[in-house]
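With the sequences and hints as input, model every part of the structure.
Chains as they are written, first to last, in the numbering used here: chain A, 23 to 304; chain B, 132 to 465; chain C, 123 to 377.
Calculated from the structure, these hints are not laboratory results.
For every residue, glycine included, the Cβ atom is placed at its ideal position computed from N, Cα and C.
One or more hints might be untrue.
Stated by the list, open to error - Listing some non-contacts, in silico: residues in chain C with all C-beta distances to chain A over 10 Å:
1. L186
2. R246
3. H275
4. P300
Unchecked claim - Taking lysine-lysine pairs in the DSS-like style, the calculated list, with each CA pair at most 30 Å apart, reads:
5. B:K309 x B:K435
6. B:K205 x C:K277
7. C:K277 x B:K149
8. B:K205 x B:K309
9. C:K166 x C:K343
10. A:K88 x C:K166
11. B:K309 x B:K351
12. B:K149 x B:K205
13. B:K299 x B:K309
Claimed, not checked - Which stretches of chain C does chain A cover? Using the computed rule of at least three CB atoms under 8 Å from a CB of chain A, they are:
14. 149 to 161
15. 167 to 181
16. 198 to 208
17. 231 to 241
18. 253 to 264
19. 281 to 290
20. 334 to 347
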Amino acid sequence: MMRNGREHRLGWGLVAPALLWTLAFFVLPFAGMVALSFARMEGRAIVPAFDPGNYIRFATDPVMIKALTNSFEITLVVTVISILLAYPLAAIIAFRIPPRWQRLALLLAVLPFWTSYVVRSYSWLLVLGQNGVINRGLSWIGIGPLELAATRAATVIGFVHFFVMLLTLTIYANLIQLSPNYARAAADLGASRWATFRLVILPLTLPGVVTGAFLTFVLCIGDYITPQILGGNNELTLPQLIMLQLGRSGNFPLASALSVILMGVVTLAYVFSAKWVRLDRV
Amino acid sequence: MTAGVAIDRVSRSYGTAKALDDVSLEIAAGEYIVLLGPSGCGKTTLLNLIGGFDAPSSGQISIGGRSMAGVAPKDRPTTTVFQDYALFPHMTLAENVAFGLRMRGVSRAARLARAAEMLALVGLEGRGNRRPHELSGGQRQRVALARALAVDPDVLLLDEPLGALDLKLRRGMQDELKAIQRRVGTTFVHVTHDQEEAMAIADRIVVMNAGRIEDLGPPKTVYLAPRTLFTATFMGEVNRIPLGGTLPFDPPPAGNSGVLCIRPESLSTAEGPLNLGPCRVDDITFFGTHQRAHVTSVAAPDLKLTVHLPQNSPVAPGQTLTLFAHDFVVLEAQ
Amino acid sequence: MKAIAWAYLAAIYSFILLPVVVLVVFSFQDGRLPVPPFQGATVKWYAQVLADRDLLAALGNSALVAVTSSAVALVLGFLAAHGLARVRLPGSVLMRGLLIAPLTVSYLIIALGLLNMFNQIGLRPSLLATGIGHVVINLPLCFAILYAAMGDHQKSAERAARDLGAGEVQVLWLVSAPMLMAPMAAAFFLSVTFSWDEFIIAFLLTRFDVTLPVEIWSMLKSGLSPKTNAIGSLVFLVSIMVVGFLELFVFRRQK
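What follows is the structure, given as structure tokens:
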């Protein structure tokens, strides 16, 4: 069929540039990185090989395993706290605030988004630091000073701050497109407010929440800046460990292997939540 | 301008499903053809094949004697009024109507003049600067019509053009479509599933079912003398009386296979060619233009009929009437 | 119930806004540390920022990379979305997946992969290298937004244009693109924001000409300073103004 042939050529022509870009600058480098993760360092030279040494080193080095579990724990805690904080905020904005003020309320809720990313973590340092706002406040009422900066708690606070903004937006978008008739129908059939939420609203918004949670997970576990600025070097996360390999010893093969492991964790998270996550609807 | 369309043994399959099965049809230049049938009957597929949005699996379509094989929609002498109108929301009405001429390299002044003329033809003069979202459904429909006609196509294709309008508006637009077609003389091929709409505007109706043409002819023929039981039923309500066995009719129908079809309004108490004998009225309801009654034959209690009686006939349940059929056909049972 | 809702709002907004308020307030600190107590107001840190050539150069670099990489991502994303929405190609599900895949991969991994590859082909760390990386992260975003925006409405208008004699380029230029003006603007500005703010790719793929986040990062190493607050506040102010402008004059008009 002639028309189909012509259509196909046109379709390929349109898709080709994006596809080639993705292949050349995403798939190919990634494949190269996987290959490199099996290479060997001899002195400062990288020797191509098929050597699982880097992975073995990871599995047998408690510092590296600890970095992975640190990353994983922090990400999990951040994701859960962020959802628990963001859902009520999104719900209050969507259902309690008059429609004409909702846009303003949302803009206000994501206002810090508009400072620079690096600066955002830095400004938490001003709040949590040794001489920071919180410790000054506490000493004024005779407590403290607390060790807040350069702790896991600081990292978690910095992350939660960012992801509450992100999740509020995605959850709000989900809530607002629900027809108000769902809640009305449930109430009409005798459901209490809590039952309406638990049996109707929550299940309907769950896919959106899981998608948001997945994004949070991906962005959080791969982030270097926040733990580096707020957590310091007391306990390392996986991205910090990767950056250390690059900077200190130029050990690209080990950094690559650690990246492949990071990628594996993200893939596992995806498989875990794949039933719900709709990336095409992000 | 206008041209005829010849459809020669066209089939279209999607995988194993046959959307069109060996369809042939000659459409004369300047004719108003309506493709009528239930959803999934193949009428829209046929329209898409004529417009070039789809290609036949086998067979050939020619317009004005020229084969359309491999000709893209933009190069065909056809234009389409789409079901959802597909007006360009970012253009004014005049720009919408002038779009086809712009594609044909017509100068801005000339095409805007033509657009104004076409908008006037459909009763929207002076509104060229509006945008589609400011219009009602009926008005959008008119703009879509003006846009398709502005390039002076040989054949205009209309895909359920009135489907999105409410009933009253639809009846009004039918008359207008017909009048506009008479004025421009273009061949119109119009797809619908509404048999009243089909009868109101068609020169010829093509009844389709399951990928085939069931029947074709002027509205009156298709309605009163359908060729198949499907057509008879699809065109309107009909009493279907299986032949065979004894029927108390005078004269008794010949043959004892097939189905005798009589429309409710073809039955009355006035003397006619077929006497159905005395029938008892079971119930009767006033419908405005007529009264609708269910009756049972006195001689054959299994025979129940629906009859449309004149508005003013003084009939009550329990009464017995002698009924005559004025138009009827005997069709093969399916 | 109502009181709880308001209390919650107050608490969470305080949490969200606290660091920004601290940032802005102590950018006016008349002292060497941007922490309490507040020692009086001055704008000298702002003057220092505006006189800092490296900083201004980084700002220019960031703007250049953000606008260029977003434009490339938008064009590639638009063409791909149009192609995939319109033509049923074999393997189109796979292609959609591939185009969106970079969204699920940490920027660090993308940066590291590109750094390896660029080392091997001899492309030095530069704004060009960073720009290429930023297209990789923004292309899936533009593609996803535009693909989602191409509904049946869009398809049937394109069909009508073809029916009226428009060629493929004319369909793209006169119908598809103008109809998608709002989502295209959204995708573009979102991309600009992401690129503007992106740290790790820029950090690994630049050396001499750096972008603003990298420049700010190197300033952080020398400790807390009200000057950093001033930069952050300026970026914040400019962003808010741009967002306000877009909100008022671009997106509102689309409705």
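Each hint, compared with the structure:
With a closest Cβ-Cβ approach of about 17 Å to chain A, C:L186 is found to remain outside the 10 Å limit, as its non-interface label requires. Once the 10 Å rule is applied to beta carbons, C:R246 is consistent with being away from chain A; the minimum gap is 16 Å. At roughly 18 Å, the least C-beta separation between C:H275 and chain A is larger than 10 Å, which holds for a residue marked as non-interface. At the 10 Å boundary, the C-beta of C:P300 stays outside the reach of chain A, the nearest C-beta of that chain being 18 Å off.
A C-alpha spacing of about 39 Å is found between B:K309 and B:K435, which places the hinted pair above 30 Å, so the restraint is violated. Using a Cα cut-off of 30 Å, the hinted pair B:K205 and C:K277 holds, with the two alpha carbons roughly 15 Å apart. Taken as a hint, the C:K277 and B:K149 pair is honoured in the structure, with Cα atoms around 25 Å apart against an allowance of 30 Å. Between B:K205 and B:K309 the CA atoms are separated by roughly 26 Å; this keeps the pair inside 30 Å, and the hint holds.
Using a Cα cut-off of 30 Å, the hinted pair C:K166 and C:K343 holds, with the two alpha carbons roughly 21 Å apart. Distance check on the hinted pair: A:K88 and C:K166 sit about 45 Å apart at the alpha-carbon level, beyond 30 Å; violated. Between the alpha carbons of B:K309 and B:K351 the distance comes to roughly 17 Å, so the proposed pair stays at or under 30 Å and holds. Taking the CA atoms of B:K149 and B:K205, the gap is near 27 Å; set against the 30 Å cutoff, the hint holds.
In summary, the hint linking B:K299 to B:K309 is supported, as the alpha carbons are separated by about 16 Å, within the 30 Å threshold. Look at the region 149 to 161 of chain C against chain A: 5 of its residues bring a Cβ nearer than 8 Å to a Cβ of that chain, three or more, so the hint holds. Check result for the region 167 to 181 of chain C against chain A: violated, 0 residues qualifying (beta carbon to beta carbon below 8 Å, three or more required). Taking a C-beta to C-beta cut-off of 8 Å, the region 198 to 208 of chain C contributes 8 residues in contact with chain A, enough for the three needed, and the coverage statement holds.
Check result for the region 231 to 241 of chain C against chain A: holds, 7 residues qualifying (beta carbon to beta carbon below 8 Å, three or more required). Residue count for the region 253 to 264 of chain C with a Cβ under 8 Å from a Cβ of chain A: 5. That meets the three needed, and the coverage hint holds. Given a C-beta distance limit of less than 8 Å, the hint that chain A covers the region 281 to 290 of chain C is violated, as 1 residues qualify and 3 are needed. As drawn, the region 334 to 347 of chain C meets chain A at 6 residues by the rule of a beta-carbon pair under 8 Å; at three or more, the given contact holds.
Hint violations for this structure: numbers 5, 10, 15 and 19, all remaining hints satisfied.
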